[in-house]
Amino acid sequence: ETGVTQSPTHLIKTRGQQVTLRCSSQSGHNTVSWYQQALGQGPQFIFQYYREEENGRGNFPPRFSGLQFPNYSSELNVNALELDDSALYLCASSLGAGFLQETQYFGPGTRLLVL
Amino acid sequence: KNEVEQSPQNLTAQEGEFITINCSYSVGISALHWLQQHPGGGIVSLFMLSSGKKKHGRLIATINIQEKHSSLHITASHPRDSAVYICAVESRGGSARQLTFGSGTQLTVLP
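Protein chains in written order, with the numbering used here: chain A, 1 to 115; chain B, 1 to 111.
Just so you know, these hints were derived from the structure itself, not from any lab.
Every residue, glycine too, gets a C-beta built ideally from N, C-alpha and C.
Certain hints may be false.
Said to hold, decoys possible - Which stretches of chain A does chain B cover? Using the computed rule of at least three CB atoms under 8 Å from a CB of chain B, they are:
{"#": "1", "stretch": "37-46"}
{"#": "2", "stretch": "108-114"}
Said to hold, decoys possible - Which chain A residues stay away from chain B? Per the calculated CB distances, all over 12 Å, these:
{"#": "3", "residue": "Ser24"}
{"#": "4", "residue": "Pro70"}
{"#": "5", "residue": "Asn79"}
{"#": "6", "residue": "Glu82"}
The following block holds chain A by itself, in its conformation from the complex (with noise of 0.2 Å):
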């Protein structure tokens, strides 16, 4: 148990369709960073979110996007869904400020399935 929840635990969407995917960190926890994980690879960093501000992007395009909220829950939004963002989505969150050197506590993942 790492203290870091996600919703839904599986989705289903079609191409074209926009979709929001929730994760609920550790209280306390300021950093929350965002994983996709396509079957069978090894998960590619999103972003990152500090204290409601994204502060690090990866090679994703700008449909998507996300918000954290004061209450150390944060969201991952994807528009115009397509068939290769099928994957499971990581949330991970942190205590410090995501300069320092710490554990990271993963969620569960939410599985999603684009038809």
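Following the hints, position chain B against chain A.
Showing chain B alone in chain A's frame:
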């Protein structure tokens, strides 16, 4: 070429065997993480290290910064160790810390 390479991709061992999983990386890093992912997706952080060696129970992680190489060892392996083991390197782009992951090593320990 991937920035983080793991070997082997798949590993099958008998219970009790000593296991080594290797990770090589090509970028400058501030830390290296070893993670364990069970079927269903949940990821658990095993180690974070930037030099030397760390030990936790039957697990040992080492890193050689000069050679850009890390190893994860499991002593007296057990079927419950069966999982995907992922190496991830931590780098910093501006103020954001980013993890770049290897593709993982699928370990199966047979009773």
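Structure-based check of all given hints:
With a cut-off of 8 Å between beta carbons, the stretch 37-46 of chain A has 7 residues touching chain B; three or more are needed, and the interface restraint holds. Check on the stretch 108-114 of chain A: 3 of its residues sit with their Cβ under 8 Å from a Cβ of chain B, so the three-residue criterion for coverage holds. The claim that A:Ser24 lies off the interface holds: its Cβ sits roughly 15 Å from the closest Cβ of chain B, which is beyond the 12 Å cut-off. With a closest Cβ-Cβ approach of about 20 Å to chain B, A:Pro70 is found to remain outside the 12 Å limit, as its non-interface label requires.
The beta carbon of A:Asn79 sits about 23 Å from the closest Cβ of chain B, which is more than 12 Å, so the claim that it is off the interface holds. Every Cβ of chain B is farther than 12 Å from the Cβ of A:Glu82; the closest lies at roughly 21 Å, confirming the non-interface assignment.
Consistency with the previously given hints is maintained throughout, with no hint failing.
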